[in-house]
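Peer 1: This is what each chain is made of:
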Amino acid sequence: DQQVKQNSPSLSVQEGRISILNCDYTNSMFDYFLWYKKYPAEGPTFLISISSIKDKNEDGRFTVFLNKSAKHLSLHIVPSQPGDSAVYFCAASALNGQNFVFGPGTRLSVLP
Amino acid sequence: DTEVTQTPKHLVMGMTNKKSLKCEQHMGHRAMYWYKQKAKKPPELMFVYSYEKLSINESVPSRFSPECPNSSLLNLHLHALQPEDSALYLCASSQDRSFGTDTQYFGPGTRLTVL
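Chains as they are written, first to last, in this note's numbering: chain A, 1 to 112; chain B, 1 to 115.
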């Protein structure tokens, strides 16, 4: 039973446009969410996080939106650059100390 | 500095070999993790150390043996592995698991191949 879902295995976007990566979760105990970026044969790199007391967090080109009632979050990358091409993992955790649960990932390709 | 280092970068071993993976962080983090990642899959948690004590073992076979000699180091001892254990092994650390908003920082991983 997947607690964190990323229903799009892949996404292609033109350079300069907006990339929107989506993530849904089922466990209502989750209250801290993170996005990681991963290149092949490398460890995941932390990008941005958001706690459940917020609905938006922004860091440069990256913005994460959280809709608690819908149990949905999204990562917006504006403008998209070819170097953003990677696999993006959504992860969730809970204040009760439950460990991170990773989604299956979305492969983003930014086309020049 | 959010660096977690792992050695070796690549490792090839036979099923009868004994080898160790090493992980190090100098961020003062008190929680360290081992993950296993197969191709096109998300990382899967194996072990969690909190304040140098093993707090979680996700039903990992005994051929994997973790060790935390001190707060900066984490080892994973390997013995009698199977070819299906071939994967990318990732180490991560975080400040303190007692805080819910606890970001994990990952090392580059060790690519393990078991022949």
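Honestly, the hints are just simulated from the structure, not real lab data. Glycine included, every Cβ here is placed at the ideal spot set by N, Cα and C. Keep in mind that the hints are not guaranteed to be accurate.
[To be verified] Just a few of them, taken from the derived set where beta-carbon distance is under 8 Å, the chain B residues facing chain A:
1) Met13
2) Tyr51
3) Thr103
4) Gln104
[Said to hold, decoys possible] No farther apart than 30 Å at their CA atoms in a straight line, the calculated lysine-lysine pairs in the BS3-like style are these:
5) A:Lys37 <-> B:Lys40
6) A:Lys5 <-> B:Lys40
7) A:Lys5 <-> B:Lys38
Peer 1: Next, verify each hint and record whether it holds.
Peer 2: Do the hints match the structure? See the list:
For methionine 13 of chain B, the interface hint is violated, the least distance from its beta-carbon to any beta-carbon of chain A being 18 Å, above 8 Å. Given the 8 Å rule on beta carbons, the hint for tyrosine 51 of chain B is violated: about 13 Å separates it from the nearest Cβ of chain A. At a threshold of 8 Å, the smallest CB-CB gap from threonine 103 of chain B to chain A is about 6 Å, leaving the interface hint in force. Interface restraint check: glutamine 104 of chain B against chain A, minimum CB-CB distance 6 Å, threshold 8 Å, status holds.
Between the alpha carbons of lysine 37 of chain A and lysine 40 of chain B the distance comes to roughly 13 Å, so the proposed pair stays at or under 30 Å and holds. Proximity of lysine 5 of chain A to lysine 40 of chain B is assessed by CA-CA distance (about 15 Å); at most 30 Å being required, the pair is judged to hold. Taking the CA atoms of lysine 5 of chain A and lysine 38 of chain B, the gap is near 18 Å; set against the 30 Å cutoff, the hint holds.
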